[in-house]
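Visitor: The lines below spell out each chain.
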Amino acid sequence: MIINHPLLGPRDAAEFVYLGDASLIDRPDPNADDAAEAFYEYGYLRDNPAGEHQELWYHEQGDRSWLVVTRNTVTHEITKVEIAREIAKSRGRSR
Amino acid sequence: MSRYSGIKVFLEGLTGNKGWKPAWREPEPKSHYDVIIIGGGGHGLSTAYYLSKVFGVRNVAVLEKGWLGSGNIGRNTTIIRSNYMLPGNEPFYEFSLKLWEGLEQDFNYNAMVSQRSILNLFHSDPQRDAFVRRANAMILAGADAELADEAQLRRELPFLDFDNARFPIKGGLYQRRGGTVRHDAVAWGYARGADQNGVDIIQNCEVTGFQIENGVCTGVETTKGAISGNKIAVCVAGSSGHVMAKAGMRLPIESHVLQAFVSEGLKPTLPGVITFGAGHFYVSQSDKGGLVFGGDIDGYNSYAQRGNLPVVEDVAEGGMAIMPMIGRARLLRSWGGIMDMSMDGSPFIDKTHIEGLYFNGGWCYGGFKATPASGYCYAHLLAKDEPHPVATEMRLDRFKRGHLIDEKGQGNQPNLH
Amino acid sequence: MVEYTLQLEPFLGGYAQQFEHVSLNEVDTMALISLALPNGQDGTAVVQALEASDVPNVGASCPCLNGSGTLMRMAQDQFLLCVEDVANSFEMNKDLEQKLAGIAYTTDQTHVWVALDIGGPATLTALERICPVDLDISAFDIGAVARTSMEHLGVIITRITETNFRLFSASSSAGSFLHALETSIENITT
Amino acid sequence: MTEQSNRLAHGGLINRDKRLSFKFNGTGFKGYEGDTLASALLANGKGFVGRSFKYHRPRGIFSAGPEEPNALVQLRSGAHQEPNTRATVAELFDGLWASSQNHIGSLEFDLMSVTDLAAPFLSAGFYYKTFMWPKAFWEKVYEPLIRRSAGLGQLSMKDDPDTYDKGFLHCDLLIIGAGPAGLAAALTAGRSGARVIIADEDFVMGGRLNAETYGINGMEGHLWAQNAVAELAAMDNVRLMSRTTVYGAYDHGVFGALERKTDHLAQSNGKPRQILWRIYSKRSLLTAGATERPIAFPNNDRPGVMLAGAVRSYVNRYAVAPGHKVSVFTNNDDGWRTASDLQKQGVEVVAVIDVRNAPAPVSLNGVETIHGAHIVDTAGRKGLKSIKLSNGKTIATDCLAVAGGWNPNVHLTCHQRGKPEWREDILAFVPGGTLPAGMQVAGAASGTLTLKAGLQDAAQSAETILNDLGMAVKKSESFEAEDEAHSATSFWHVKTTGKRAWVDLQNDVTTKDIKLSYQEGFRSVEHLKRYSTLGMATDQGKTSNIAGLAILAECSGKTIPETGTTIFRPPYTPVPIGALAGRARGKDFRPYRLTPSHKWAEANGATFVETGNWLRAQWFARKGEKGWRDSVDREVQMTRASVGICDVTTLGKIDIQGKDAAEFLNHVYTNAFLKLPVGKTRYGLMLREDGIAYDDGTTARLGENHFVMTTTTANAVLVFRRLEFARQCLWPDLDVHLISTTDGWAQFAVAGPNSRALLQKVVDAPFDLSSEAFPFMACAELTVCGGTPARLFRISFSGELAYQIAVPSKYGNAMMGVLMQAGEEFGAIPYGTEALGVMRIEKGHAAGNELNGQTTAANLGLGGFVSAKKDCIGKTLSQRPEMNPEDDIRLVGFKPVNTQDALLAGSHFITKGERENMANDQGWMSSVAYSPSLGHSIGLGFIKNGQSRMGEIVKVVNPARGVNVEAEIVSPHFYDPEGGLQRG
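Chains as they are written, first to last, in the working numbering: chain A, 1 to 95; chain B, 96 to 512; chain C, 513 to 702; chain D, 703 to 1686.
Isolated chain A (complex conformation) (with noise of 0.2 Å):
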């Protein structure tokens, strides 16, 4: 595969390593009343769609870049890739 890294152009998947689902950014607030639940369904339940997929990979053989991946589950076509920090920023993470 080959991903097109926003910022250096397309570089072989090999170069990257594979983290999962990019809900994995929306890491619950551990002092809401439900964190329990919620830290329950941040790690462990999926969407797995056959399908569109948001995706994080890291540029580890690369610029140390975390980037949200839109895959097909079931074609591996790749229509966009974004870096992750601006996607978790626009998510409203912060510090």
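Hints in this document: simulated from the structure, not taken from any laboratory.
Cβ coordinates follow ideal geometry from the N, Cα and C atoms, glycine included.
Each hint should be verified, as a subset may be incorrect.
16 Å max Cα-Cα, derived EDC-like pairs, lysine to aspartate or glutamate [claimed, not checked]: (1) D:Lys1377 x D:Glu1406; (2) B:Lys341 x A:Asp47; (3) B:Lys265 x D:Glu1312; (4) D:Lys1289 x B:Asp258; (5) D:Lys842 x B:Asp382.
The following label-pair restraints were derived from C-beta to C-beta distances [said to hold, decoys possible]: (6) D:Gly713 x B:Glu251: 48 to 58 Å; (7) B:Pro484 x D:Lys1361: 49 to 59 Å; (8) B:Asp492 x D:Glu1616: 25 to 35 Å; (9) B:Pro263 x D:Gln1581: 35 to 45 Å; (10) D:Gly1566 x B:Pro263: 39 to 49 Å.
Sample of chain D residues facing chain B (criterion: CB under 10 Å; computed from the structure) [what the hints assert, rightly or not]: (11) Phe755; (12) Ser825; (13) Lys837; (14) Ala852; (15) Ser1629.
Starting from the known structure of chain A, fit chains B, C and D onto it as the hints suggest.
Guide: Just chains B, C and D now, kept in the frame of chain A:
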């Protein structure tokens, strides 16, 4: 119904093989069944077989989207073993191995169960310690395990790379009762047996939805119309995620592709199954002569039943590192199967929170060896509404409770199991 | 009074070899300082402080410090500064820490990497055996930088001239990296 | 037999000046440069070259390409032996050595051929119905028998003596197949300046042009190809790769290709035999041509029965007459071309039998032409002698050319599970709608089966691709050629009741087997394949699949497209495992990482051990020591008595800087780091987000915004990855930056009561090492040895007064020497990983065997390190009820009741008086050592309720090793439990 035997093969041979009957019927679905099993792969068919044979439930349908046996039973590396470590797993797999041992006579089909042993090599002291722990767990659970040192392996497997290996072979863990089985024949044997017991195996019938009202599942929608059932048993490992999504459920499972490989046919080369865990490579030789081998999953979510080059190369590298005599054997065919990779590497055989809807899945890449016990235990659950004693831990809610069955210690990242 | 002194030992003993159409030499003169940009910094300040011409994109480099150094952009928030002064990298790092306070965090990387120069007419033919990055001049111009992996080793590759490249790889595996390069060269020569 | 008796006097693309000697089954023969083994064998009248898989029937050369089902040989000898090599693609070289395979006794008198007599009982799937009684006989009798008779060639069982290499190529356009279509496309794209790679499996480019008598642009086809190749070779932007099979189409335009570098040479001379290329293409054009298919008829498997196109190849390209009286059996016009080509070359053609009742498309002199008939039987066990026709006529012939039509080579279009589509006009599958991304297909591969149309199709495709890529097309001359006569009929097989008609020659699948499979319910094409083994041989059904499908379709009354097709999977043709592995074997399987003091250790008697990719000193043996235990015991004792030095560089080191670095550490460690003072080091524990203990180490604060973290050796890379995830994805606004410095610092543990005195001799004044100035857990940046920068940490893994000192790694080897020199007066010794391990077990520290990914902080006795006051990764999920059961396991120490007993890691614990079974399993022993300090074996292990069972005697069972002992549960801190020494 006719039984298979050597004499029958002889008599049919004399008369031009005209008398052989279809191995199973091709029925149209009835409107209602006591149990509807979704998925005519190995586990679905064995569930139907044991439901009808052991538990007396015969008004059963198996709905298969494609051809029977087209699940992962049709594309795996055929290994059977019970070399697990944890209490939630080992008794189950040992039960399965015992069922394998009597399977062919039980369902009157030669599935070529061949207990030619499985060997797991180790290369360091910590690895050895973990294997000793595992060997002892196996023995405590009533299974067989045997530790071999380097000298013994040099005698038995002189073709392994003992003298020039990057990671020297220090020894191995044998399970002599492990081995291989002709995978397709398992599906056919179970299908024929279940069919003879009255089970309707309906091929080319895809489930498109569940009939769920007030938290009760009463039937399924299919490409051949609606079918109602008292109990709906999902058994579609690889596709669990998107099938259960039709029932509104999210699962602790990701679907991943595992590639497998077979070489051109060769005269007898390998005695049993050899596993080089440190190098991501395992191999056995089929009765036809092909080296059947594999390694790690590709590592990304996929439903595509095909993989990519890096893992092909990684597997071959492992093979050449451990047995450089296979360099001139040629890879004939590679393929990919979709694995239900669960969050702790262990499976589920459980009721769901929806009454009447049952789930069997999460087998990772270890489902083939589990086929008999999975079917037996699922049938037990379906017939009695309580788990079989060897499958009590395979629950969907175990992560919420914090009960992990994590053989590899990799945590909630499915692609690492 | 301390009676001992320590000498620098090049990781590959100062390796230098001329093959048919390819030369391969250890470079043991470089001080390497990593510069990480604090949040909110875009690199302009660093570039000014180091007298570089402009802010190179990720995957590119530019000369700096009046031509005595090269500034390679390794990541959005990270540069690698290469200067020919291996013996004083520690002091250089301390100086830069002062000089760049507030605009970059510095880390001495001099001893993390082994560096090798490969050059000559058959260079590309040798490198295509191990380098997954497209090194065609149309895709990887002079000054381009890429971090990638070769033979299971992380490698930074940068183009010096059309047929000359500098390669950096982890110093602990310097021997294996050299072996990989030598094998590539030997495999393509007659 | 005279030399090369079947070699024609003229013609062919062989070099008659270069005569080559070779041996087949021990007999010497001659051939020419440009021959394949198959053409050379045929030139010498050797038509019978192999035995079939199941019935051991005599088989001959059937094709002239990679689709060959029959002529499989073992090429070369000794460790170079290469089973199952297709003689039809094996390039002849001087000294070639080949033998036939799959027979017991000689090829001519194969003892296994008795199976042919038993054929009625060996129908499709017969083995699933028998061999079940008595049960034990399967593994002891039946299976070994089956395994011996199955398989084809034999591996030498010796290490492959050749080397392999790999590489990466990039292009705008990859053209797969250098036949007329491929060359036309390459010329178009090459002249327009695109970066083109054109690859072909053959050793001569040109494809069918070399085997046929077509002309292009007024030139003989093969000459046109030669010119095209010459023009392309002169272009810098075009890479020509002959002997290169593009075998697999992977995602996003990546292709796998195998280049054979030395297979056509007698010896590889130390250079890689083959190269596995990963080709990254922006676009690809499949111009892989088509493969001819046979017609099944009774006893159609005899040596001498060949594909018609192959007969043309042998006559035209190799100047070999495959027979002296050749007949042709065809269902289409193309078959007739064989007869005319043969006649042109002066080979006698005795008959053309066309199943159609149609006029002859070509006129032939002196040839019996029979229309509307077919073949009902053949004779000649080891070589065709005659054929019998449906009109009752018997014709004497020694070679039958069979023309059943052509199948486009769609294989690569299916590698991403694209389904081919049926085209009724050519009665063949063509590439389907979903092609691999970026791929187009042209020429015969796309179903454009005639020459002129194929050339134009290919050139047009190249233009489309160039336009797609935004490149200007440089128009040049068009390609002029004839469109040859072409037709197809759906005559797949001769219906037969009694005799066997082979569909899959290699796996011995006959039309009857297919019908029987259907009869038994194996009606899906996948069932048919798996039950009958159709198409599963080394040729993967290249010549048999379509006929099989057609017969299945007949059985079910469906059309062929309704019946479906099985899936083509990579590789297109088989690829040696050695090539797929490349260089990665033996010591080169994975890189070595060496510690900075490796050279010193080597010179000082170290034994090394692989820990991950690192090679570490395990112990340093001295003269007179009888075994490793002697060395390790001494290293422990001398360290504890005076001072020992160990290279601990392998620990992961991560430089962490930023205004929020401390806050970041608070997120990732269970314990608090916000208030760690500058100049201090703290132990830190990390959990995975699922609450399981993950890694531990010490982190030093060098400045307000600057920390240095250490990780375990095993987890260095993984922890870095997780930290980057936390930094970029979880807390993206924290100002914190990470960089690995593992390789940058040579780090040494200096441990033992004299460690301070030793270091005092090394550090530069005025650094004060006293406990007051530099207490336990202090850290500092300083200089040593007169100005070399260094870092010093007062931390202890051994439990002794101990330090870790780090210098830039290029000084590391020298530093080891300096430390030893400075320690000489104290009797300092170097110690290895074994002594390190013994001391950490004596001290009760958890390591990899305990931090195994299955244990919690509480299990490890580290529950106190999980701060109640703050969140951290893993905290919430670590609180799940069943991760904290009442009878939870706990890490404790074990001491053998009989101190002579050795404890063994991996043992399980059973409460005294209980039976030894899984239900009573109380836990396991994770680490053991002989403690020279205590004089007996000690162990660390996890046992239920360990913390409240101190003093209890338990059974330590190890049935796998046959050793059961008793041990007392004790504190894990065997050595200096109060920790006075390390603080001293």
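Visitor: Please go over all the hints and tell whether each is borne out by the structure.
Guide: Hints versus structure:
1. D:Lys1377 x D:Glu1406: Roughly 10 Å between the alpha carbons, so the hint for lysine 1377 of chain D and glutamate 1406 of chain D holds.
2. B:Lys341 x A:Asp47: 12 Å, holds
3. B:Lys265 x D:Glu1312: 12 Å, holds
4. D:Lys1289 x B:Asp258: 10 Å, holds
5. D:Lys842 x B:Asp382: 13 Å, holds
6. D:Gly713 x B:Glu251: 48 to 58 Å: Once the Cβ atoms are compared, 57 Å apart, the range 48 to 58 Å for glutamate 251 of chain B and glycine 713 of chain D holds.
7. B:Pro484 x D:Lys1361: 49 to 59 Å: At roughly 58 Å between Cβ atoms, lysine 1361 of chain D and proline 484 of chain B fall inside 49 to 59 Å, so the hint holds.
8. B:Asp492 x D:Glu1616: 25 to 35 Å: Hint holds: Cβ distance 30 Å, inside 25 to 35 Å.
9. B:Pro263 x D:Gln1581: 35 to 45 Å: About 43 Å separates the Cβ atoms of proline 263 of chain B and glutamine 1581 of chain D, which means 35 to 45 Å holds.
10. D:Gly1566 x B:Pro263: 39 to 49 Å: 40 Å, holds
11. Phe755: 7 Å, holds
12. Ser825: Cβ of serine 825 of chain D sits 5 Å from chain B, so the hint holds.
13. Lys837: Hint on lysine 837 of chain D: holds, closest Cβ of chain B at ~6 Å, below 10 Å.
14. Ala852: The hint holds - alanine 852 of chain D has a Cβ within 10 Å of chain B, the shortest such distance being about 5 Å.
15. Ser1629: 7 Å, holds
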